[in-house]
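Peer 1: Sequence:
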Amino acid sequence: MAAALLRRALLLRRVLPSPSPTPTLPGASAGRLLSAFTASQQNATTTVDLSSDESRRRLLNRLVYRSKQRGFLELDLVLGTWVEQHVHSMDEPNIRALLQVLDLENPDLWKWLTGQEQPPEDLNSNPVFTAIKSKVTDNLTKHASPETRSTPGQPWVRGWDDIKKGKDGPKYGNQ
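Under the numbering used here, the residue at position 54 of the sequence shown is numbered 54, and the numbers go up by one with no gaps.
One or more of the hints may lead you astray.
Stated by the list, open to error - The calculated DSS-like cross-link candidates involving lysine-lysine, where the alpha carbons are at most 25 Å apart (straight line), are: (1) Lys-142 to Lys-68; (2) Lys-135 to Lys-111; (3) Lys-68 to Lys-111; (4) Lys-111 to Lys-142; (5) Lys-135 to Lys-68.
Said to hold, decoys possible - FRET-style restraints, in silico, Cβ to Cβ: (6) Arg-57 to Pro-146: 36 to 46 Å; (7) Thr-137 to Glu-54: 33 to 43 Å; (8) Glu-74 to Thr-130: 12 to 22 Å; (9) Asp-138 to Tyr-65: 18 to 28 Å; (10) Asn-94 to Lys-68: 17 to 27 Å; (11) Ser-51 to Glu-74: 33 to 43 Å; (12) Glu-147 to Asn-94: 32 to 42 Å; (13) Ser-89 to Ser-125: 26 to 36 Å; (14) Asp-108 to Lys-68: 13 to 23 Å.
To be clear, the hints were calculated from the coordinates, so they are not data collected in a lab. For each residue, glycine too, the CB sits at the ideal point set by N, CA and C.
Please build the complete structure, drawing on both the sequences and the hints.
Peer 2: Next up, the structure:
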């Protein structure tokens, strides 16, 4: 019985016309469409409209949300707290500087803020980045002993099991 049903299904498939392929734009490839979409998204996020109280409120709320919902917990906490405290007193050039910081990739931004890597020169001249970096540096100095930190310019390689250092554990990290 199952074989008979299978034969009938195959027969119907041969008899019925195949669906037409999905229409595509002439000369448009997926890569070009994606790049056009991302370019329009970037232009939409960099628009700074402070003409009315409502547009300013929406922009500031969007900036706070973007700084708290990056998907990188440490940056969510550091950036979200700093932006929430300072965004309401920012003028247009500082908001544009904040937008530049928020457009950076998470791993790079974290390494630059914590001093594991040197940031690019144009980022060193960004007032928002330098303010956040000084806040992170001050917190590291206040709350972390020097032996728990890596040397400046070096990645952090220490792990949660550093207490085993004297025993049979690894010298660095949790290898």
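Peer 1: Look at each hint and say if it fits the structure.
Peer 2: A quick look at each hint next to the structure:
1. Lys-142 to Lys-68: 23 Å, holds
2. Lys-135 to Lys-111: Distance of about 14 Å is within 25 Å: holds.
3. Lys-68 to Lys-111: Holds. Lys-68 to Lys-111 sits at ~18 Å (cutoff 25 Å).
4. Lys-111 to Lys-142: Roughly 19 Å between the alpha carbons, so the hint for Lys-111 and Lys-142 holds.
5. Lys-135 to Lys-68: 17 Å, holds
6. Arg-57 to Pro-146: 36 to 46 Å: Because 43 Å falls inside the window, the suggested range holds.
7. Thr-137 to Glu-54: 33 to 43 Å: Once the Cβ atoms are compared, 37 Å apart, the range 33 to 43 Å for Glu-54 and Thr-137 holds.
8. Glu-74 to Thr-130: 12 to 22 Å: 19 Å, holds
9. Asp-138 to Tyr-65: 18 to 28 Å: 26 Å, holds
10. Asn-94 to Lys-68: 17 to 27 Å: For Lys-68 against Asn-94, whose Cβ atoms are near 18 Å apart, the range 17 to 27 Å holds.
11. Ser-51 to Glu-74: 33 to 43 Å: The hinted range 33 to 43 Å holds for Ser-51 and Glu-74, with Cβ atoms some 35 Å apart.
12. Glu-147 to Asn-94: 32 to 42 Å: Check passed, 37 Å falls within 32 to 42 Å.
13. Ser-89 to Ser-125: 26 to 36 Å: 21 Å, violated
14. Asp-108 to Lys-68: 13 to 23 Å: 19 Å, holds
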